[in-house]
Every structure is written in structure tokens, then in C-alpha cells.
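Chains as they are written, first to last, in the working numbering: chain S, 1 to 257; chain F, 1001 to 1267; chain E, 2001 to 2262.
No lab work stands behind these hints: they were computed from the structure.
One should not assume that every hint holds.
Per label pair, the in silico range of CB-to-CB distance [to be verified]: (1) Lys2(S) to Arg2258(E): 32 to 42 Å; (2) His1235(F) to Lys246(S): 56 to 66 Å; (3) Gly52(S) to Thr1231(F): 20 to 30 Å; (4) Thr2005(E) to Thr169(S): 30 to 40 Å; (5) Val1204(F) to Tyr127(S): 38 to 48 Å; (6) Lys87(S) to Thr2003(E): 46 to 56 Å.
On the chain S side, residues computed to face chain F include the following (Cβ under 8 Å) [as the list claims (entries may be wrong)]: (7) Gln29; (8) Gly39; (9) Met43; (10) Phe199; (11) Gly223; (12) Tyr227.
The structure presented is a predicted model; accordingly, all values stated were derived computationally and were not measured.
Virtual Cβ for every residue (Gly too), placed ideally from N, Cα, C.
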Amino acid sequence: MKLYGKFFMIHLKSIMEYKTSFILTCIGQFLVSFNVFLGMYFMFQRFSNVEGFTYNEVLLCFGITLMEFSLAESFARGFDNFPSIIKSGEFDRIMVRPRNEILQVLGSRVEFSRIGRILQAVVMFCYGFAVSGIQWTWGKIITVIFMLIGGTAVFSGLFLIYASICFFTLEGLEFMNIFTDGAKEYGKYPVSIYGRTVFWLCTFVVPYALIQYYPLLSLLGRGKPSYSLLPLAACLFLVPCLFLWKMGVRHYGSAGS
Amino acid sequence: MRKYIAFFRLRFSMGLQYRAAALAGIVTQFVWGTMEILMFRAFYQADAAAFPMSFQSTCAYVWMQQAFLALFMAWMMENEIFDSIVNGNISYELCRPINVYNMWFSRSLANRLSKALLRSVPILLVAAFLPAPYGLMRPASFSAFLLFLITLLLGLGVTVAFCMLVYMVSFFTISSVGVRMVAVSVVEFFSGGTIPLPFFPEPVRQVLELLPFASMQNVPLRIYSGDLSGTPMRHAIFLQMFWLFALAALGRCLDVLAMKKITIQGG
Amino acid sequence: MITLTHVCKTYKVSKRDAGFSSAFKALFHKEYEYVTALDDVSFTISDGEMVGYIGPNGAGKSSTIKILSGILTPEKGTCLINGLIPWKNRIEHVKNIGVVFGQRTQLWWDVPVLDSFELLKEIYRIDGHAYRQNLEQLSEMLNLSGLLKMPVRQLSLGQRMRCEIAASLLHSPKILFLDEPTIGLDAVSKLAVRDFVLKLNKEKNTTVILTTHDMQDIEALTNRIILIGKGRLLLDGTINDIKDGYDSTEEALAAFYRRHNI
């Protein structure tokens, strides 16, 4: 943890060398995710509800999903840059250091420019809360915390899979974007609107429904109380991800770069 | 001209080399398209009367957008160009008997075309065979198809000319990342990348259609889906040509300024 | 003590002819070929020895360094370094080695050198006292005092290389791998690096394995050279073994390469 703190500081210092660019990047990040919100806003100017979810409810869903994603992204984004870490030989450097590889990769990139995005997530999160009209109880607050934990775990797991695949292909595979950026993009709506097949996939293959749809129902008072616990079950998703990573490191040892 | 063609060939065969990447890209775009259509379907089911295009046109719009994504997405800028500006490799380019603006322009064109050619065919094929409202319908008429092709190229030209502006501006800033991100998100939203322009409220849409961003993917995709025809279409095509020349002229001016700056300050 | 016995390593690479149509073909069908990087290589290096590891480009030098530093796993053969198998006990092993990749940097580009050092202190869990002592000693030996507060991007190549070397030695490793440490350096910097390596070897008895194309590095630093070509060990001896009659080592080496057709 102390090491991660060190990594964090060194990135902060680097960034401060380029202040103007940093601020512009933050604004850019803010705008990019703002696009999604605006798109939604204009859609709901036309339509009053989708699959029985109102604009306010969808906003809450969007806020929470974006928050989950941003949390995962802000500390697991080192994996996003993983193809370049492999190609530049930086991973060799990581291998000759006596520390856990995952920790070092995490520390190799800390994207402060994501502050723009996190800020936006916080804004949306609060806004979603404010307009949702939910009577907040302790149980519901805990549900939200579970959602954030589970969501961060699932998205981090996906980033880890993305990086592990790089060991074999040496470049990032674009199709992983479906699961990360795509999930953020389409996770703004409760996954049930996409029809039964997608819903099934989002429950059993990558457990998005467990961090989004089910606990959301429980927040809105439409689902069983036990739905609140499902996000914790989603954390199990990390297990196969870590396994894949281990396989990747072993492959790197036998094939090199 | 020959050297630009040579450039194009090189890019194209480089694009072909990354087989896994191409395959992954196709799958990605197919899934994105599907998700997009499923989302529109949910809204359509909620209130069909409020839908501004026919559902079939919307599907065609989405599929075409996915198939030709590489032509229009502003974020597909070339990192190599930015890198060469930052680390000074640009001086190599200056040694060659070729104008930087023209070279990068043709290079970007080549890059986008080669990517799109590779990726569009499988997506279009699959989309064409999907059942009726979800699939890609046939174009309204042969002339509509021809117009689609022409506006597709014009739209590509406008997109590349706009990206060129971003490259050129990065000569004058220390780090281009910020400029680039702002430009990308503006293009994405105003060109109909997030939601098609017809879905915007009427007054907003009227303003947006005059901007250069509407001259990118909006025109060809809507001509194909039959949503744009007659007089509004002619206006749109005229605007496309106007923006292409305007952006390219502006780019050339910046090019001249940038070259002056480099030769005086040594990069 | 480093022992390498009968180590073999092959890579699978995809091959493709130039040109348009073959690019298209490769889209559907990829051909692979196997390249032998190391073929039955064995040697032993004792503690405190200084060895030049040389060979033409692509001979397998960096594969060897990667195996010795635990990054790569060979197919066949064994390797024991101070009682550890590098790729099996990697974390344990790398605590005792320092690696300098001459063409890459391990320092953070935008921050002062000292910040990178502080981070390495954390990574290697060096205790405060030892760290300060090492830093003081290294900055004196490598003449770093003026450089430590500067951002890395403002350093010249020679200054940066001195900092790189210091960075690899902060945790007082027993073995130091130098992969082309003098590449691209001017005469003064080269001499400074050589002097330092000699001193390090003498004073701390650090084992040094050096790969380089610069024969003057070899002449200045080592008695023993290990020469490989096309993955095979061709010579384990001294410079004099290849010199036979030539005035300059450079020419002698070129003649040797030609003779072995590598």
C-alpha cells in the first residue's frame, strides 16, 4: 500500500510538469462522459420511459454504473496501457524487481486526467441520488456501497483479463472494449432493456446484472431484499481473472516478447 | 500522386497484417451495433409515435455507422503523428521532398480507408442477412446508393481535414492530449455519433446541421437509410463541399505557420 | 556463483513475405517458424568475476540475460544463481541482482532523479540507513550530486546512464547485468562508466556481466570473455584467444565472426 502511495506521488509530480495539458485533458474527460449524459437527456425529451424505468431511475442507474467504472478505472487503468508496457520491454523491468507484478503494473500508470471523469461520475452519482426520490434507509445505503464494491471488482477483473490477453497477442484486443467501455456505455440503462439474451449473458457470463439491475430493483423497492447482496457475489468474478493473469505471466516466461 | 498511392498501399498491407486486431475489431463493432439497436428497440417499444426515423432506417443507420466507423471516428487519430511532433522526429519528415500537410492528409485517408475496407465487408454481409427490421435494408434506389458513396467520400474528407487541424494545432501547444480530447468529444456528439441527429430536439438539430460536424457521417448514413433526400439532401451535399474546402484551406494556413515556427525555433 | 548448464531456448515467430498478396494470404493462414536463440549453452561464473558477454546482433545475448534475470524460462537445461533457479524463485532471486538495459530507462521521465530513487527504495524495501549510505557512496563515485534534483528528461545521455547505473545498485545487488551500458555515450562518459564498474567490482566484489559491442569496454574491464554466435557458445576464454596476430581487437573479432560464419 505504501508502495502504491509512492507510485501515486511520482505520477502526481510528473503531471504537475505539464499543468495546462493536464487541465485540458481533465476538461476533455469531463466532456466525453458528458456526451453520454446529453444523449440520454435528449432521448428522454422524446420518450417518457424505457422498459418501465423513468428518466430519474435511469439516471440513478447511470450514476452508479459510471461511479463503479470510474473507481475501477482510476486505479486499475495501468492495465489499459498494458500493450505498450509489453512492447516497450517495460515488463522485463517489472520482472526483475522483487515485487508483485500486478501491483507494479497498477502503479506504472495512474491517470490523474481521469479526475475529470471521476468528477463527472460524482456529479452524476449525486444528481441521480437527488432526483431518484428514494426514501433512503440504512439498508439502501449499504446496498449502494455493495454495488460500488462489486462493480469495482467486476470492472477491475475485466481490465485484468484485457491485460492477460496481451501476453498472448502482444497487442490489446479491441473486443475487450465491449466489456469495459461498452458496459459503461450501455450500463447507463438497466440491462433488462436489451432483451432476454443480453440479460442472460449479463447475469451468467459477466455479472453486470448483479452489480446493476438486481440491486437497483431493490433500491427502487421493486425487488426482493436479498437482491442487495448480489453485488458481493459478483466479486467472485475476480477469481478466474486472476487465474488468467497467472497463466499469462507464465506464458511470458516461456515465449518472451 | 504516385508517392501517395505508394503510401496507401503500404498502409493497407500494414492494416492487413494485424489479423487478430481486424477480427477483434469486427466482432466489437458487431456487438456495439447490436447493443445500439437493442437500445433503440427498447425506446421504440416504449413509444413508437415519438420515434423520429423509421425503425428500419435507424437500424440501417447503426449498421452503416459500425461498418464505416474507421472513416469517421475522430478518435482514430494517428499517435505516430502526435509522437513525431512531440519528440522531434518530425524533422525526418521535413527532409523528404513532400509537403507535410499533403502527406499526412493522404496518410490519414489511406489509414482510414484501409481499416474501413477490411472491416466493413463482413459487418455489412452479416447485417444484410439479419431479419427484416433489425437488418440492413437495401438502398432506396441506385442513384441513392451512388449519392451515398459520393457523400461517404466527402464525409471522410471533412473528417480527415478536421483531424488535420488538430494535428496542426498540436504544433503550437506543448502537449496535444487535451486539445485532442476536447476535439474528439465535440465531433462525436455533434456529428451524430452518440445519437443520430434526428433524435435531437428540432431547434438544436437545425443549428447542428449547419456545422461541419454534420457533414461527416450524418449525411451519407442518412442518405442511405432514406432519411435524407430531395432539397435538404442537396443542401447537405453543398455544405459538405463547402466545409471540406474551408477546413482544408485553414489547415494549409496552419501548416505554413507551423513550418515557419519549426524552421525558426528548430522544432 | 552462476552456473548455466545445457540451456536451450527457441522462439516461435510468424513469417510473411513482403508484398500485397502475401499480406492478404496471411490474413487467413499464418506460417510459423522456429528460431533457435540458445543452443546448449553452458558456463560458470564465480563470485566477484567480471565477464564480457559478446556476440553479433541476434546471437542470443539478450535471451541469456533474460534467462539469468528470471524473465525467460528456457526449454531445456538448468541455471543456478547463488543457489536459486531464477525463473522459479524469481522474486527471491531478483532482490540480489541489478539490471541496466542500456537502451531503455527505468527512471521516471518527468520527475527529478531522486524521486525515482525513492520509489526504488520502496520497491526493493531498502531500509533507510542502508539507502542513505548507498546513495551517498554512489553519488560520490558516479559524481551525481548536481544531477539528483534534475528531471530526467533534462539530463544528457551520459548523465542519465550514470543515474541508471546508480538506480540499479541502490539495493546493493551481488550481481550486476549491464546490457550495452556505453551505447551512444561520448568518450568522457564512457570512461566514467568504465572506471566506476572497475571500482565497484574491486571494492564491493560485485559480479559483473557485461554485454557490449564496444571492444574497448571489454579490454578495459574484463579478462574473461564468453562469445556466442547463432545461439552457440563459441569461446570461453580471454581476449588474447581471439587476437591471434591482429593489432586491434575489433578486427580480430570481425575475423573471428567471419571464420565462424556468423
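Status of the hints after comparison with the structure:
1. Checked against the hint of 32 to 42 Å, the C-beta distance between Lys2(S) and Arg2258(E) comes to roughly 55 Å, which is inconsistent with it.
2. Checking the proposed 56 to 66 Å range against His1235(F) and Lys246(S) shows it holds: the Cβ atoms sit about 60 Å from each other.
3. Remark: the range hint 20 to 30 Å for Gly52(S) to Thr1231(F) is contradicted by a beta-carbon distance near 41 Å.
4. Checked against the hint of 30 to 40 Å, the C-beta distance between Thr2005(E) and Thr169(S) comes to roughly 34 Å, which is consistent with it.
5. For the pair Val1204(F) and Tyr127(S), the beta carbons lie near 21 Å from each other, so the given range of 38 to 48 Å is not met.
6. Distance hint check: the CB atoms of Lys87(S) and Thr2003(E) are about 33 Å apart, inconsistent with the given range 46 to 56 Å.
7. Evaluation of the Gln29(S) hint against chain F yields a held restraint, the C-beta minimum of about 7 Å falling below 8 Å.
8. Checking Gly39(S) against chain F by beta carbon gives a least distance of about 4 Å; that is within 8 Å, so the hint holds.
9. For Met43(S), the shortest C-beta to C-beta distance to chain F is roughly 6 Å, which falls under 8 Å, so the interface hint holds.
10. Given the 8 Å rule on beta carbons, the hint for Phe199(S) is violated: about 10 Å separates it from the nearest Cβ of chain F.
11. Annotation: interface hint on Gly223(S) violated; nearest CB of chain F at approximately 19 Å, more than 8 Å.
12. Because the closest C-beta pair between Tyr227(S) and chain F is about 21 Å apart, greater than 8 Å, the hint is violated.
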